[in-house]
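Trainee: Chain by chain, the residues:
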Amino acid sequence: MATDSQLATWEVFIQSKPGANYIHAGSVHASDKQMALQNARDTYTRRGEGTSIWAVPTSEIAASNPDDNDMFFDPANDKMYRMPTFYVMPEGAKAI
Amino acid sequence: MELLEKTDKTDKIHDDLLKSFEEKIDRDDTIEPKDRMPDGYRKHLIRQMQQHAHSEVIGMQPEGNWITRAPSLRAKQILLAKIQDEGGHGLYLYSAAETLGISRDEMISQLHSGKAKYSNIFNYPALTWADIGAIGWLVDGAAIVNQVSLQRTSYGPYSRAMVRICKEESFHQRQGYEIMAKMMKGTKDQQEMARDAMNRWWWPSIMMFGPHDTESPHTGDAVKWKIKRHSNDDLRAKFIDKTVQQAEVIGLTIPDSDLKWNEARGHYDHGPIDWTEFFRVIGGQGPCNKQRMAHHLKVHNDGAWVREAAEAYREKRDKQLLHL
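Protein sequence lines correspond, in order, to chains G and E.
Residues in the first sequence are numbered consecutively from 1, following the numbering used here.
Residues in the second sequence are numbered consecutively from 1, following the numbering used here.
Simulated from the structure, these hints should not be mistaken for laboratory data.
From a predicted model like this one, the values you see are computed outputs, not experimental measurements.
Hints are supplied without guarantee of correctness; some may be wrong.
Said to hold, decoys possible - Selected chain G positions facing chain E (Cβ under 10 angstroms, derived; list incomplete):
1) G26
2) M35
3) T58
4) D67
To be verified - Computed cross-link-like contacts, SDA-like style, restricted to lysine to any residue with a CA-CA straight-line distance of at most 25 angstroms:
5) E:K319 x G:A93
6) E:K167 x E:S113
7) E:K34 x G:I61
8) E:K290 x G:K33
9) G:K33 x E:I144
10) E:K226 x E:I144
11) E:K298 x G:K33
12) E:K117 x E:T68
13) E:K167 x E:G40
Even for Gly, the Cβ is constructed at its ideal location relative to N, Cα and C.
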């Protein structure tokens, strides 16, 4: 039984309707891409939840470390001029 | 945190980490897999989530027994879909538990060794078709009360799995209640079957919420860390309160002569629960403990060649791709 395993894990992303973002649903175990897609379909779309599925080997996902959040996301914190509300619009201007 | 050696300096780091974790819990932030968490929090979740996953999977057995004997094609299709859902729910939960660093292999081997448990209720047999009604209505009904509460649990992957499960679970309860209602409108024998199933499943169902709050060994930390949002007794009361009315509508009597509305508490009072029975069954002496585990082991071992073949096929394909 030494060779027995539950197979590798894959992360599953589902698009709920055409045009929507792919959203993480959970993971499945599978030996290859085809099995990963079929298992993802059977596990996460039994009630028409999806129009499209991505399955990605879990080991291939790069994830940021929450301990580094302050430093990691710092570049965005002092650039309020990226927001439309930063700008002063002349009074009376419409549709802007 | 658990990897740090114990010195004064690491104690300080340990305290700081615990404090920032508890602040996050206080703010009602969800905890995600890569967040720092106390060892006890991780251990509690692994224990609870894998028990929950094993329960879904073992729970397929009492009902699976009735697929070939369902009284109509409609009933058979519904039962198949329901059992497939239970398998799916087990997979959502295993997948969520794996984010805590335990592998599926390890969870299954802990189930087989007896280190990990599953819900006691599945150690009872499904004797007649009315039992399928009672399981859906009462057992799934009790599970739903617990799972609705767990949708707000503090661990993100667990909470998200619960949201998904709750969406699917209400059909399970309704199909069970429909079976019971139909049988209560049927022949005398069918009514008797429904009453018998009610009488056998009622007490095990209300035991599903676990020991009374005063006796529950895992409640303290689980409440503090918001893994658990409501106490065992509160959830049990919620289940009893809504089930009494449903039983009345279809003409069934709950087998508890002490059951009566308590105006002051705003809940039904119930008679004493036979905890000796509960612990006897947990301890392995229930009617089906051995059968459930033997079946799981057999299917697991019989299926090993499929997993091996899948791996061998992948290796062969990888080699072929290299030579292209």
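Trainee: Taking the numbered hints from earlier one at a time, note which ones the structure violates and give those numbers from smallest to largest.
Mentor: The structure breaks hints 5, 6, 8, 9, 11, 12, 13; every other hint is satisfied.
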